[in-house]
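Each protein sequence line maps, in turn, to chains A and B. Under our numbering, read the first sequence as residues 154 to 470, first letter to last. Under our numbering, read the second sequence as residues 3 to 558, first letter to last.
Fair warning: there could be bad hints in the mix.
[To be verified] Taking lysine-lysine and the DSSO-like style, the derived pairs with C-alpha atoms no more than 30 angstroms apart in a straight line are: (1) K388(B) - K440(B); (2) K315(A) - K388(B); (3) K558(B) - K336(A); (4) K127(B) - K440(B); (5) K315(A) - K493(B); (6) K336(A) - K251(B); (7) K535(B) - K336(A); (8) K251(B) - K504(B); (9) K352(B) - K335(B); (10) K380(B) - K335(B); (11) K315(A) - K380(B); (12) K315(A) - K127(B); (13) K335(B) - K315(A); (14) K272(B) - K70(B).
For the record, the hints were derived by calculation from the structure and aren't laboratory data.
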Amino acid sequence: MRHFTVSLSRVVHLLGVLLGVSFLVFSLLNLLPGDAAMAIVATSGDTSPEAVERIRAQLGLDQPFFHRYFSWLFGVLQGNLGQSYRTGQTVFEMIIERLPVTFELMVLVVFLSLVISIPIAVYAARYRDSLFDRIVAFFSFGLQAIPPFMVVLVMIVVLAVKLALLPAIGFAPISEGLGANLKSMVIPVLALSAPLIPLYIRVLRNEMIRTLQEDFILVARAQGIMPRSILFRYALKPSVPTLITVIGISVGSLVSGSIVVELICGLPGIGIMLYNAINARDYVVVQGVVLLIAAVYVFINFCADLVTSFIDPRVKS
Amino acid sequence: MDFKVRFDRLCGRGHASNKDRTSKRTVATIRQLPIAATLMAASLLHVAWATAPANSIYTTEFGGQGLKIGEPRKGGSITTSTRAPIESLDPAGPQITAAISPMRAIFDTLVVYAPDGTVKPSLLKSFATLDNGRNWIMRLPDGLKFTDGTPFNALAIVNHINNLAAPTSKSRSASEMRQIESVKAVGDTTVQIALKEPWLNFPKAFANNASGANYVPSPTAVQRLGVRFGLTPVGAGPYMVHEFVPGAKLVMVRNPAYKGPNPGYLDEIKVVPVIDVQARLQAVIAGDLTIGQTQNQADLVSAQASGLTTLKQPGFSYYDILFNLRRAPFNDKRMRQAVIQAINLEATNKAVFSGTAPGARGILPPQHPYFIETGWPKYDAAAARKLVEDYAKETNWNKEFALQVTSPTAFQKQAVIIQQMLAAVGIKARIVVAEQPKMVSDALSGNYDAQLRDLGIRTETEQTLANVFESKSKGNNGGAGNPTVDALLQKLRQTATAEERKPMIQELQRAFTQWLPIAPLNVINPGVFMGKKVAGYPGFIADQDTPDYTKIWVSK
Numbered sequence: 154m155r156h157f158t159v160s161l162s163r164v165v166h167l168l169g170v171l172l173g174v175s176f177l178v179f180s181l182l183n184l185l186p187g188d189a190a191m192a193i194v195a196t197s198g199d200t201s202p203e204a205v206e207r208i209r210a211q212l213g214l215d216q217p218f219f220h221r222y223f224s225w226l227f228g229v230l231q232g233n234l235g236q237s238y239r240t241g242q243t244v245f246e247m248i249i250e251r252l253p254v255t256f257e258l259m260v261l262v263v264f265l266s267l268v269i270s271i272p273i274a275v276y277a278a279r280y281r282d283s284l285f286d287r288i289v290a291f292f293s294f295g296l297q298a299i300p301p302f303m304v305v306l307v308m309i310v311v312l313a314v315k316l317a318l319l320p321a322i323g324f325a326p327i328s329e330g331l332g333a334n335l336k337s338m339v340i341p342v343l344a345l346s347a348p349l350i351p352l353y354i355r356v357l358r359n360e361m362i363r364t365l366q367e368d369f370i371l372v373a374r375a376q377g378i379m380p381r382s383i384l385f386r387y388a389l390k391p392s393v394p395t396l397i398t399v400i401g402i403s404v405g406s407l408v409s410g411s412i413v414v415e416l417i418c419g420l421p422g423i424g425i426m427l428y429n430a431i432n433a434r435d436y437v438v439v440q441g442v443v444l445l446i447a448a449v450y451v452f453i454n455f456c457a458d459l460v461t462s463f464i465d466p467r468v469k470s
Numbered sequence: 003m004d005f006k007v008r009f010d011r012l013c014g015r016g017h018a019s020n021k022d023r024t025s026k027r028t029v030a031t032i033r034q035l036p037i038a039a040t041l042m043a044a045s046l047l048h049v050a051w052a053t054a055p056a057n058s059i060y061t062t063e064f065g066g067q068g069l070k071i072g073e074p075r076k077g078g079s080i081t082t083s084t085r086a087p088i089e090s091l092d093p094a095g096p097q098i099t100a101a102i103s104p105m106r107a108i109f110d111t112l113v114v115y116a117p118d119g120t121v122k123p124s125l126l127k128s129f130a131t132l133d134n135g136r137n138w139i140m141r142l143p144d145g146l147k148f149t150d151g152t153p154f155n156a157l158a159i160v161n162h163i164n165n166l167a168a169p170t171s172k173s174r175s176a177s178e179m180r181q182i183e184s185v186k187a188v189g190d191t192t193v194q195i196a197l198k199e200p201w202l203n204f205p206k207a208f209a210n211n212a213s214g215a216n217y218v219p220s221p222t223a224v225q226r227l228g229v230r231f232g233l234t235p236v237g238a239g240p241y242m243v244h245e246f247v248p249g250a251k252l253v254m255v256r257n258p259a260y261k262g263p264n265p266g267y268l269d270e271i272k273v274v275p276v277i278d279v280q281a282r283l284q285a286v287i288a289g290d291l292t293i294g295q296t297q298n299q300a301d302l303v304s305a306q307a308s309g310l311t312t313l314k315q316p317g318f319s320y321y322d323i324l325f326n327l328r329r330a331p332f333n334d335k336r337m338r339q340a341v342i343q344a345i346n347l348e349a350t351n352k353a354v355f356s357g358t359a360p361g362a363r364g365i366l367p368p369q370h371p372y373f374i375e376t377g378w379p380k381y382d383a384a385a386a387r388k389l390v391e392d393y394a395k396e397t398n399w400n401k402e403f404a405l406q407v408t409s410p411t412a413f414q415k416q417a418v419i420i421q422q423m424l425a426a427v428g429i430k431a432r433i434v435v436a437e438q439p440k441m442v443s444d445a446l447s448g449n450y451d452a453q454l455r456d457l458g459i460r461t462e463t464e465q466t467l468a469n470v471f472e473s474k475s476k477g478n479n480g481g482a483g484n485p486t487v488d489a490l491l492q493k494l495r496q497t498a499t500a501e502e503r504k505p506m507i508q509e510l511q512r513a514f515t516q517w518l519p520i521a522p523l524n525v526i527n528p529g530v531f532m533g534k535k536v537a538g539y540p541g542f543i544a545d546q547d548t549p550d551y552t553k554i555w556v557s558k
């Protein structure tokens, strides 16, 4: 019952956050100099003020700010995120078309990052200040300092050009075979995982070191329990909640990183769609995508909170 | 240089053979590069020629480089890239340059530009005026069909023109199509057009590849799909859309029922956007892309060093500073001249473009077939300083102005260097970074001092110049005109033959040199790089940064 109440209050909180985000996004886009009408006339033969006004009226941009905001919000509540002025597609349709690519990318990035970082973090904590721990720390700092676009370009040169192991650009959908699909995802996934792996290692390592100093670990050791069991059964579980929180937070940076990586690798995902929409001042699309990203971010953090409360009795209480 | 010599050179005629010219041009270019780049390119030059022998590269009729290894063959496929994503393929929609080549392949073109800037029919049988340019007749061949089975007849063209001219139209051709008073189909193959006033060069309104007028869509599909036509376009061109993911991927396959003059060689053309030039280059080296493009010839040196075939393309665009002619200080010609003379284009070329982008020397880019030397003011810091001092003393000007600039790196780098050069002659230029819509907004309202932009002047010449500089033009962002330029542009509009146009365009260039409405900077020199799979490449169409896909073929 208590879980239900907590979850309900979180959902209400989540909706409030989304409403705030929607207003903020709409306001900020409205404050930007130049609008869709300007972007259209910039590439047209008719750049007269009359042409601008005509297109503005056609797109509904001549209406007052709050009228436009509430019309859009009303549409969103009915599941209508609007329509792109460039393609005629609905924003929902555009998102559905591209979401699978970005979703797959994110899932693979988080999965790979965890698979690599958890064992390394656990052993770095176990052998604290050892040569292994120092090497891990050295590479962690290095990897975090390199931006994903640099990693992706280096990966293309090494893995696609020099070794000819992977495609340099492009995306193969699962319909073309799982192998081809995963091959097309390797470079983007490695590039986006590069800054996440050291982050997860450092967070989990520090938490593990703290946990390993707890009395119950000492008791476990005194009882002669195998070191591996102590590490993975007794010390890891209480250390994981912090990592879960960090995973939730890192989704935000993952989204921004994916825009650059999708652009360079030519992945037809949400990132490239957002980039195109911003460039063309297709604000309806930008609003829809940003709202989606905010919803995903808030939802993942909501899930992270729920999972943490299940894992950690202290949070539950 | 004499026009005939220059034009002959561009057309591939004259004393030297294509092979000789290509070799000389390569050597000349290499000499201009820094020593390190020269050594690298020279040491690896044999690799490039191993991929594309020197005698297989020729000069195209538009002054670029083309590739021809053996005889053209049918079949095969390519994956080519665009520098920007393609979101829609609707000829009546807001166009972008990236969509030009695919639209040519899907819709074919009614007319094409000849190298001298005149227009000739392509899909049309004829396009001629009945009088002095007021009434026009388009004639279509019999039996053309769109890929959905709809007949490509006169009515299809009438519908297309009406859509472009509609009040809600977002097309680049909208203002030109609104010059039409009436348009009607006479029978199946004849379109009769009456203009509001005579316009002898009216076919140019169709020939501009960046506008949608040249590409006629199936009226049945337009009616059925409405605003979504651009997602599943239906044309009568040599290729049809097999798969289109807006902004991500376009796959075109051969149209088996095509009956026009440009059947094409390839069975399949895949187009993907790759925005970063380094990623494009690496993808071509890895074989994932067949052809890539660049706006910077320094990239061609890297591509050549990696064993790719590189082809230079004609540069008809240059960076420029647009002055606000409505207000001080640039409503005074002395200050415009001061800025022009303060900027050392050789230095900006070396610093920003690795010595591959020479400075423009007039209103037309140096590669333009009609370019002549007109005594455009050269770099002279002392003269610039004096002009600034005189003007400031006379008007109490505070020697400061705002220079608006967009975000791409090439613009930013130039702005910083120009700022230093202007400081050296006593002018403080404040750099204001703004995105394109903001710059358009400010240009329209006249709320700016100067903007760093780029300008492309196509071979047709007067249409672009009139749009940007004519007093009554709605696209005249400078905000003021020049009576001599206006008169010459008006006269050119009524002159169709290349012989008559040549002296007028020369006169026009001199008039611009007297007026100095902008400061032309460095020329934008595009190029392409490709793997050994490509055996035939036509170079860019006229002066658009885009090729005709139907003229590309691949080796077995």
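Tested hints:
| no. | hint | result |
| --- | --- | --- |
| 1 | K388(B) - K440(B) | violated, 34 angstroms |
| 2 | K315(A) - K388(B) | violated, 57 angstroms |
| 3 | K558(B) - K336(A) | holds, 27 angstroms |
| 4 | K127(B) - K440(B) | violated, 44 angstroms |
| 5 | K315(A) - K493(B) | violated, 59 angstroms |
| 6 | K336(A) - K251(B) | holds, 18 angstroms |
| 7 | K535(B) - K336(A) | holds, 24 angstroms |
| 8 | K251(B) - K504(B) | violated, 43 angstroms |
| 9 | K352(B) - K335(B) | holds, 28 angstroms |
| 10 | K380(B) - K335(B) | holds, 15 angstroms |
| 11 | K315(A) - K380(B) | violated, 47 angstroms |
| 12 | K315(A) - K127(B) | violated, 52 angstroms |
| 13 | K335(B) - K315(A) | violated, 56 angstroms |
| 14 | K272(B) - K70(B) | holds, 21 angstroms |
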